[in-house]
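Following the UniProt record's numbering, the numbering of the sequence shown begins with 1 at its first residue and continues without gaps.
Keep in mind that the hints were calculated from the coordinates and are not lab data. None of the values given here were measured: they were computed from a predicted structure. Check the hints yourself; a few may be wrong.
Now the in silico label distances, taken between C-beta atoms and shown as ranges [unchecked claim]:
1) Arg161 <-> Gly73: 24 to 30 Å
2) Ala123 <-> Arg11: 30 to 36 Å
3) Arg161 <-> Leu132: 17 to 23 Å
4) Pro71 <-> Glu119: 28 to 34 Å
5) Arg8 <-> Glu133: 32 to 38 Å
6) Glu119 <-> Phe91: 23 to 29 Å
7) Pro71 <-> Phe91: 23 to 29 Å
8) Asp47 <-> Gln98: 21 to 27 Å
Note that the Cβ used here is the ideal one computed from N, Cα and C, for glycine as well.
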Amino acid sequence: MDDQYVMRAVRADEWEKVKELRIAALKDPAAPVAFLETLDQAESRTDEFWQDRAKRASHGRNARQFVAEAPDGEWVGSVTVLVEEGGIPDFFEWVVEQTQGHLVGVFVRPEQRGTGLTERLFAAALEWAWSLEGPALERVRLFVHEDNPRAAAFYQRFGFRASGHVVPVPADPASKEFEYVLPRP
């Protein structure tokens, strides 16, 4: 693991890097089982969309995007924490039972996989999630496509466990995503 990489939250003015990394993620061969968004959707979005995404993920309580930044400033990975408030319907139209975090957009460039950067990104994201108050997050969850065993194995090594909730993939209802959860320590 290279300790020269910095794990940090994005800044509102870094929207172009947010866009570049997302498009790189969606070009990855694993993208169809890792992300709900498609490359065509991302590439068709306006600059204003990316500016808003970076702004929303840089401050406040609702979301935070963390990046792994190389010494030369290149972003080599990312994960975003969305805060879901109890009693509010989520993306899948389930009513969220408890205030929780939801990890999305997990990506590390292929040449950096297996170096420990994903673990460091998760640690930064979870540190932020567990630090929230008013109300505190009771757990953090994520969803894993049935055809993404590598991701499922990583999440399990990190302490996430299958909850038993299964949802159809919106763009392919014949495929399933499994919810994994990590309770508050």
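Going down the list of hints, with the structure as the test:
Hint check: Arg161 to Gly73, Cβ distance near 37 Å, so the stated range 24 to 30 Å is violated. Take Ala123 and Arg11: their Cβ atoms lie about 20 Å apart, and the range 30 to 36 Å is violated. Between Arg161 and Leu132 the CB atoms are about 22 Å apart, so this pair conforms to the stated range of 17 to 23 Å. The supplied range of 28 to 34 Å is broken by Pro71 and Glu119, whose beta-carbon atoms lie about 19 Å from each other.
A beta carbon spacing of about 21 Å between Arg8 and Glu133 contradicts the range 32 to 38 Å that was offered as a hint. About 26 Å separates the C-beta atoms of Glu119 and Phe91, a value consistent with the hinted range of 23 to 29 Å. Range check, Pro71 to Phe91: about 36 Å between beta-carbon atoms, so the 23 to 29 Å window is missed. About 36 Å separates the C-beta atoms of Asp47 and Gln98, a value inconsistent with the hinted range of 21 to 27 Å.
Checked against the numbered hints above, the structure violates hints 1, 2, 4, 5, 7, 8; every other hint is satisfied.
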